[in-house]
Every structure is written in C-alpha cells, then in structure tokens.
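Protein chains in written order, with the numbering used here: chain A, 58 to 639; chain B, 53 to 229.
Hints are supplied without guarantee of correctness; some may be wrong.
[Stated by the list, open to error] As a list, the in silico SDA-like pairs of lysine to any residue whose alpha-carbon atoms are at most 25 Å apart:
#1 A:Lys365 / B:Ser107
#2 B:Lys115 / B:Thr91
#3 B:Lys119 / A:Arg208
#4 A:Lys427 / A:Ile556
#5 B:Lys119 / A:Ala474
[As the list claims (entries may be wrong)] Which residues of chain B face chain A? A few of them, derived with a C-beta cut under 10 Å, are:
#6 Lys95
#7 Asp111
#8 Lys115
#9 Val121
#10 Thr196
Simulated from the structure, these hints should not be mistaken for laboratory data. Don't be surprised by glycine CBs; every beta carbon is placed ideally from N, CA and C.
Here is how the chains run, residue by residue.
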Amino acid sequence: MEVTGAQALVRSLESQGVDVVFGLPGGAILPAYDPIRSSSLRHILVRHEQGAGHAAEGYAWATGRVGVCIATSGPGATNLVTALADAYMDSVPIVAITGQVPTAMIGTDAFQESDITGITSPVTKHNELVTDPARIPAAIAEAFHIASTGRPGPVLVDLPKDILQAQTTWSWPPSMDLPGYKIPGAPEGSLIEQAARALREARRPVLYVGGGVVKSDSAPAVRELAELARTPVTTTLMARGAFPDSHPLALGMPGMHGAYAAVAALQECDLIVALGARFDDRVTGQLASFAPKAKVVHVDIDPAEIGKNRRPDVAIVGDLRTVLTDLVTAMRAEIDANGAPDTASWVTLTDGWKRSYPLRYSQEAGGPLKPQHVVERLSALTGGDAIVVAGVGQHQMHAAQHYRFTKPRSWINSGGAGTMGFAVPAAMGAQIGRPGELVVAIDGDGCFQMTGQELATCAIEGLPIKVLIFNNGFLGMVRQWQELFYEERYSEVHLGTAIPDYVKLAEAYGCVGLRCDNAGDVDSVLEKALSVSDVPAVVDFRTHDAEGVFPMVPAGHANDDIVLGPEFTAAEQQAATRKEVI
Amino acid sequence: MRTHTLSVLVENKPGVLAHVAGLFSRRAFNITALSVGPTSDPKVSRMTIVVDGDSTPVDQVHKQLEKLVRVLKVTELEPEEAIERELALIKVRVNPDLRAELLDVATSFRASVVDLNPDTIVLEAVCSPGRLDALLTQLARHGTCELVRTGMIAISRGGETITDDMDSAPPELALTH
Ligand SMILES: Cc1ncc(C[n+]2csc(CCOP(=O)(O)OP(=O)(O)O)c2C)c(N)n1
Ligand SMILES: [Mg+2]
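The following block holds chain A by itself, in its conformation from the complex (with noise of 0.2 Å):
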C-alpha cells in the first residue's frame, strides 16, 4: 500500500505497540503530526521537550516499556538531549522521535537545523538519521529492538522533512538489518556452580541488588535466592523496592548516603554478588578500598561492565532474569549437596548495625519541619504502595532513605545523571503508564523550577499526579558540600521559600494547591492532596532549610569513613568506624 513516510512512521509505532507518545510539533516534524490526529497513539502534548523526555522515561520506569517522545528538529530535538543523556546513564528504554531539515538542506546550516544524531552519539545506545522513506519501518523497529533489549537504553530515530513527505510502500513487519547487534546469550553452568558454591561457602555474604533487577523484573528471583543463602541484601539507588524494605535481610540503601548497616556490611563482607549493579562511585566510594576482603560475583547483561571498575572473581555475562532462575536451582542443588550456608553470625552482626546505627532524625514538636519526617508520614499513610518519583538532591536522598518500598516499580529517580526537574514529568510519564495507581513526586524547590510547568499539561490531562516540594529555600544539596566542605561559605545556593508562591502558581496551573509548615498538619494535609483526584495536588512543605542528609561518606573518600551525622553521639561515630568484625 502507498503511504507518506510520515504515515509509515504512525503506522509503524502503532503496529509496535505504542499506545502513548510525549511530545511538542514544529516545522520539520509536522508531516508527522497529521497522521497522528486520526492514529490510535495518545499524544501528550508537553510544554518542554525535556518534559516529553523525562515523561518517556517515567513511562519506561514505570511500565517497563519504551516510552516514546516527539520533537522537532534543531531546539526541539536539542531540548531531549538532557532526558537522552539521563536514559543513556540509567539505562532507560526511550525512543526519540525528531525531525530534521529536508536532506538536501542538511549541511547548509538551514533553519532548524542541528545535527541531532551527532551531538546525541555519545548519550544514545544508538541513533540514525533516516534517509530513505523505505527504512522508516525498519528503523523504528530496530530502535525498538535496541532499546528494549540487552542493556536497555535510549535510542533516536531522525527523520528529515522531505523523507516524511515522500510516498513509500508500507509493509511490516520489516526486515530487521542489525548484523553487529549482539545481546549476550546463556552463560556457562559452570559459572552459574561456581557462584552457587561461592555463595554457599561464604561466612559474610551481600546480595548488591542493582537497578538490573527491576530493569529484567526479576527481584521475585532475588528474594528466593536471598532466603536460600541467608544472605543480606542492599539496594542501590537504582534498585529500591527491588527488595522489600520490610524484610528482616534487608540492609537498605549502599553507597554515600546508604544506610550505615548496607556501607558497613559491604566494606566487610568476604564475598560481593553483585547484580545488575556497576560499582558506582556514589556506591563504592574511594574504590581502592571498598570491600577489601570480598571476593566478588559479578552479574550484568553488559560484559563492558564486568571488571569496569572491580575485578570479579566470577564474571557472569547474561540476562539477570534467567541467570538468577539458574542460579537459584543450582544453591539449591548446592544446599542439598553440602548444606546450608553459615551465615548466622553474620546476620546477627548486620541485625546488630542496623538497630545501632539506624537512619535517626529528631522532629521536635513545634520545631522546623523536617524532610525525613514529611517522607516517614507519606510512607506510613500510603502503606508503602505509592510510586514515589524524586527530583535531585537532598529531598531525593531523604526519600531514598526513609520511604518504606515494598515492591519494584514503585521508585523512580535519576540517578546516574543526578538531573534535577527529572520528577514532575516522569510521574507524568509514570501516571499515565499506570493510571488509577497513586504517584507522588517529592520534588526541591530548586528542581521543581526547572520543569513545573508540566503542571499545566497533567492538569489539562487530568492526572492526579502529588508534587510534594520540599520547599527549604536553597539548593541545599549544595548548600550543605558549602557547609561541609567550604566552611559554611554559602554561595549561590540560596533560592528562598516565598518567590513564587507555590500554593499560587499550583492553583494558577488548574491544580490544587496545598501549605504546610508544621509537623503537626502533615497528616492531614498529605490526606487532602492524597484525595484529590482529578488534577494534581501540589502542596509547598516548608521544610528546615539547615537540614542535612546523613549517614555521609564525604566524596572520594573510604566508605570506611563514614559519618553518622549530628543524630549520633561521639562515642557513637566512634564505635561505628571501629566496627569489631568476627
């Protein structure tokens, strides 16, 4: 049948599947934007191309999907690039749409014109600049492809004008041309036996739970394997809710701001199973003398990761998914061989940490509001089954910290990129991957001011999205490195609370919009935006500005030097740094 290349392209995301897109049109994508009218995809039409990439990436987090963004060429497609380079470094599967100017016009600095697949190479899995309106179905199913498997990440497809304009045969589904794509196949058995006798042998293991076991959905797998073995489990940034936070093996959160239990059980277990994690700075500190005795397994889908930063003992290249069903058939085999693992004292040590050295903040009645406390409340009300987005910084951390997760895909952040205004619209994304579900975004007044306009586009859609601010009046993830490391020389990092008005604007957006500024009327205020369900709720905390996110490994440093923070006594930080290990 004789299409534009504009329709092939609707057609082709139709017949993969798509049911939403997150976009904003222009000059070169408009052929595009004609099909789409009488097309079954649901286009938002956002009011940043950032918010159409962060969205995509809520989407994708949320559903485990590929979300899928539009924009047009030259700003428009530059404006993704934030949200490309954030699903480049969380391994997020996006397709970008853009649109480029007609090809013979490309090179001759034309109106609107970038060259958006080479400033996008070094932040996309892959990308291509479609000069054929024959390939148009190819190269969207191969972008598909290549976003959603192996390593998930972002892929851009560029489309110029005159290609969307011109007539094409339509046929699908196409011929997939990808000879030098490799995802890894099973591993050997023998590596699976030897990570299964590891694991089995070792007095002080850790299960290091990366975001790879959301990413494969295999944290069932992982609480099967952690019971098996007996072995404490952490979770990055990445992988919250991996791991029931509840469960009585569950260490919390690793790395600079982790849990003191998680950082201490790392830095002195004898053995690392590492899983869909990489040995990130934030996580491993100074890397020369993170977990000195471990010997490490390491698992991921991406061989470049294996021995990246830590030299494993066992490198185990596969899907997480089908290794982990391997590996937990193979402990039990190992069990039934040999025995059960002694790990007994090992926990009761980790027991030992975590009732010790426990994430402590103090909320005074009639004193600042604290941030902890405000995350501790909506935890409690929600019961741990809301899907709770973070902007970056301290809020982020404090939510990190102290929301009791309870299943995976109920976290979403950016977290290898650290992209402030990442939350208002991936919950966006998120809600409308999971409508009738409850998504809170809990967002600085910093980032919130980068992409809040996306309020306008969920009130218009009518998404019950939470924008919780945690409103302390300054950068203060920065503000406190000042306050730490620059000797209280506080520069540039002062926002203040009352420019805008936050309940003002939220209302000026079709939301509602909510104040609280005492410990008091968190309850009930989080129940009244809780209840709102036809527009977000946004509600302006007045959080304590001086606050600080603690435990702290200061950057560069070991993990071994820790600090607890101002909640804990001298003699406590004492103990905690010389901790007696069997």
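Using the hints provided, position chain B with the ligands relative to the given structure of chain A.
Okay, now just chain B with the ligands, sitting in the frame of chain A:
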C-alpha cells in the same frame, strides 16, 4: 609506550567513523593511530586502531567498541602473531654533498624515490611502524621537510581470518516492546 592493535569490522554506513571516534573521546581512550578502508564486502569497512596501552584499558576499548551497533567484529592482534605495515611519504631536502648517503639510507630501508627535484626528493616507504621510525631518525639528519603516514594496518599471520567465527544470521525480530 605499550601499544595494542585492534582490527575492527564495521558496517559501511554514514556516521560510523564519527561514532567510533566519539567513543574514544567520550571514554578518554588514547589512540595513537586509526586507519579505515574498504573490504572485499562493499557493506563492510575495516579499521585498524592502535591504542596506547599505558594510559588506556584495552579490554574496555574492546568491549565498548563491541557495544556499538554498527560494529561487527573486534579482534586484538598480538604483535608477534601479526604483520604490521604502514605507508609513509617523506619529502627530504637534499644536500648535494650527502645525496649518495641519503639514497643509501633509502635503499637499505627499501624506500623508493617517487619524486625527484633539484633540492628535494620524495621517498615512499612501506614497513612496520618501528622500522619506519628508524628510517625517519636516519633521514632527520638530512632535513625532512614534510611527512605523511597512513597509520598502521595489520593482518594476522597463518590461516585464521577475522571473519572466521562471525555469525552472519540476522537477529530475531522482536515486534513487541
Ligand atoms: C540540572 C542540574 N543542575 C545542577 C545540579 C547540581 N545540583 C545537585 S543537587 C542541587 C540542589 C537541588 O536543589 P533542590 O531541588 O532545592 O533540592 P534540595 O537539595 O534542596 O532538596 C543542585 C543544584 C544538578 N544535579 N542538575
Ligand atoms: Mg531545596
């Protein structure tokens, strides 16, 4: 400097060279030479990349290259198992008193004279990069005034070929996401 040689087969498509070069700058990999040319298959190009092994983790270079969608195959060639060649064109100023000596040097390196002028000659040399460096040292006394090198190309010794274990089957088509 310890160098490593990677032979890389890539799809002959626009932007592939930029992708590969971009990877090196993004990952802070130091390369000392890169050469590209066609192969017997018009859809495939071959790159030879020489990596500075002192400053760059070669294993990472190898793995990151393999992740590029348009890269078909990466192999590392060990110097003792490979034939390494580089072509250079060298313009040398000729001092009439040393003309004979200059031509002797050229002969002993099997470099041929491809352009001859009253006060300059152009030599063409094809040899291993190490030998080429030695030739250039010799010529320096005479006054090398212009030099162009292709960058090294290399091929394995013996019967093995780079395409031996290549899987040419197309990937399975996934229609759902
Ligand atoms: C786009 C971007 N710019 C700058 C930074 C550096 N940065 C990290 S956290 C932070 C402060 C965020 O302030 P706010 O949103 O108010 O959160 P808070 O730390 O106060 O909770 C800044 C500026 C960043 N991560 N992203
Ligand atoms: Mg703030």
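Hint-by-hint comparison with the structure:
no. : hint                : verdict
1   : A:Lys365 / B:Ser107 : 14 Å, holds
2   : B:Lys115 / B:Thr91  : 23 Å, holds
3   : B:Lys119 / A:Arg208 : 10 Å, holds
4   : A:Lys427 / A:Ile556 : 21 Å, holds
5   : B:Lys119 / A:Ala474 : 20 Å, holds
6   : Lys95               : 9 Å, holds
7   : Asp111              : 7 Å, holds
8   : Lys115              : 4 Å, holds
9   : Val121              : 4 Å, holds
10  : Thr196              : 36 Å, violated
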